[in-house]
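As they're listed, the protein sequences go chains A and B.
No gaps in the numbering here: position 606 of the first sequence is 609 in this note's numbering, and each next residue is one more.
No gaps in the numbering here: position 64 of the second sequence is 193 in this note's numbering, and each next residue is one more.
In short, the hints are calculated from the structure, not lab data.
All of these numbers come straight from a predicted model, not from anything done at the bench.
Just so you know, even glycine gets a beta-carbon here, dropped at the ideal spot from N, CA and C.
Errors might be hidden in some of the hints.
[Said to hold, decoys possible] Partial selection, computed: residues in chain B whose CB lies under 8 Å from chain A: (1) Gly-141; (2) Ala-143; (3) Tyr-145; (4) Cys-154; (5) Arg-157; (6) Ala-158; (7) Pro-165; (8) Gly-171; (9) Pro-174; (10) Gly-187; (11) Arg-189; (12) Pro-219; (13) Arg-243; (14) Pro-245; (15) Ala-249; (16) Glu-334.
Take a look at the letters that make up each chain.
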Amino acid sequence: MNNPLKASLERVKKPSRYIGGEFNSVVKPREEVDLRFAFCFPDLYEIGMSHLGSKIMYGLLNAMPGVWCERVFAPADDMERELRQGQMPLFALESGDPIGAFDILGFTLQYEMNYTGVLNMLDLAGVPLWSRERPDLSPLVIAGGPCVYNLEPVADFFDLIVVGEGEPVTPQLIDLYRRARGEGWPKARFLAEAAHIEGVYVPQLYQMEYGPDGAFAGAVPLHGAPNVVKKAVVKDFDRVYFPLDPIVPSTEVVFDRAMVELFRGCRRGCRFCQAGYTYRPIRAKSPETLAEQARAILRNTGWDEVSLTSLSSSDYPQLDVLCDSLVAELEPQHVNLALPSLRADNFNIELMQSVQKVRKSGLTFAPEAGSQRLRDIINKNIREEDLLEACRVAFSAGWSSVKLYFMMGLPGEADEDLLGISKMVRSVIEVFRLHAKNKARGVRISVGIAVFVPKAQTPFQWVGQTPREEVLRRQKLLMDSLKIKNVTYSLHNYEVSFVEAVLARGDRRLAPVIHRAWQLGARLDGWDEHFDPARWARAFEDCGIDPAFYANGEPEIDRPLPWDHIFSGVDKTFLQQEYRASLEGVATPDCKAGCRNCGALSLTGGHCDV
Amino acid sequence: MYKVRMSFSKDGPAAYISHLDLMRCFQRAFRRAGLPVAYSEGFNPHIRLSILAPLSAGHRCAGDVCDFELIEPAAEGEEMVARMNRALPPGLRAIRAVSTPADRPAGAPGEPLRKPGEIAFSAYEMGYPEGDAGAMAALFAAPVEVEKRSKRGRRQADLRDYIAAITFEPEAGCIRCRAVVRAGDDALNPRYITAALVSAGLVPEGFAPDYLRTALLDRSMDKFF
């Protein structure tokens, strides 16, 4: 390690974020490597090391002979100062080498507040920020992750985007890159060829057009690029690559446990939820595969907890079977089984009890709205009696705390819907009073209320975010109503949600704004202590952009949208249907009650594991 | 039930692991090594592990000590060390391990495990920039008043009460300090030595040496384990 870096490590908080050397981290001899890949997570180490998708990509890339994938995370503010003052370029954890010299820099875009973090990392690496400023094949700057379903605001910074699942696309991309490099192709030729790989989106091959009123008018493909980029999906999810020896952090991170993926996609169709649509069609792993994977990972890592993850785990059909077989083995080893993402309407107490034998963890439910009327509009099909029954069962079995998640600023929302939240909370307290096994401890209810952000590729992509004054008024109403004994609440920062809403349904005209915000100091925007709304306000002004146009705008349902050329698995006509149903306050039953033909079947030739 | 005492070194990338994180690292290594470790009873059973003298994050060690328990004597001595070393992350190495049955009668053959309370001193080594070794030694031959923090709060103290021995020797390109300092409840963090040298203008402000704890010593200044 060089001396300036060492001196910096003495001065910063949590220096182990920048050292590497964790168990299972991959170090390859340089002479055996012909392709250096920097996997860039645009947030802090503790967040990135909790992310399953990153573990999968790290393992997948390193399993390829000759490819060395190393990790880079966003430095905290103190380390950034050290790097800039010491003129030390951003480096990868495994080798300590500056990533500016790598072949490919791949960013995973988890959510819109990471965008300035991306620019900051490129700048710290000494890599030009704009795709047009990088004439050579290397470094190639690419992106993937949940934001790809509309990343037009940052499209001009990336050479290439992986839309959908990385497992099928990555090997093809690496092969093509090696060929391009070996045969001396110019960058433009590589990108034109890459655009023909299913799931690859090359932003510079699309020209964006705007009407005289400033509205988006269409994306015009150039040089033979496909009209629509279809996302890539894993077809055989049971047999797809899954890393069995992920890195075990040496220091505490947010989710510090083994993880296995039950299934991708979701049958519920909640209208605000982008993930539920963009991971369709549903593909599940068999209980045998999952049990084997869990066992192998625990053996190779020594973690004492394994989490069964998915968008809605209680919807996994063989959950009972899987848990029974796992608990029998894990309990004597003192390994806990964690089951996040459960629904109140199929909460199975026997399952919870068998799973929580080693350590009881908290219970979390997400009713999302305080009245049935509003839940029908957003298609969150949970009835109040389902929630109360789930709580009754849990409290009778000895649980005494529960977390409830809601949103506010939902379409069609009225004050009485918001007051419905506190009514629901009081009903839960009453259930505790009547049925709790352990009344002496008292009940603890924590309520989290987010500000609704309309997302692309959902039925609510035509809905504007509720304007500032109204959000603040409603937040006050909520706070006053939730001053209840044994209840704690937390409300999301509206200013962050506002910027998120601008970026979530934004177009390419926002790129200079993001660049300007970064120039003004925006980086770790997902963190309240680092986010400064004044920077963004100034950036919008300096670039002559009205953010309300994006955040609060309600495009006409038949006009083109900046992300129409990206196919997420769900047809626009289906989304229009769902949007119209929400205007009528009519709910749509989940896919198990009958296929709604959302369009996802076209990606797997008719296969969906609903 | 078998008590195991193991000495270990912490260096390289493991240097920055804090005390609490070190506990977690060892616990996971035990599991990876397939050792039948004993768990505590109660609502939240955890692996019974005790690191006998906490080491500051950022400080390295060449022979710190930890105690843990096994349900059965799955491995001993060299084999235990080898198994652990295959399971430990880079920078953390097991050096020596001794097992003894928990109910071992006094006087039975084999090495008895000494009580942790017998640890009286820590031996440290660190390097300072080239300078006046004589002046550095002289500094600690006179009273050095500092405000010392401990678990019980802060108090004015003379550093010399906490230093059993201290030498400064010029070596290639640096001055090697070797200090034996008080361990235990009111232990001396070697950072106080550096701070005193900086205050006296003998070491530049902002200089931070690598601290290496070379050994844990008993009251006679012999190695504890």
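Tell me the hint numbers this structure goes against, listed in increasing order.
7, 8, 11, 13, 14, 15, 16
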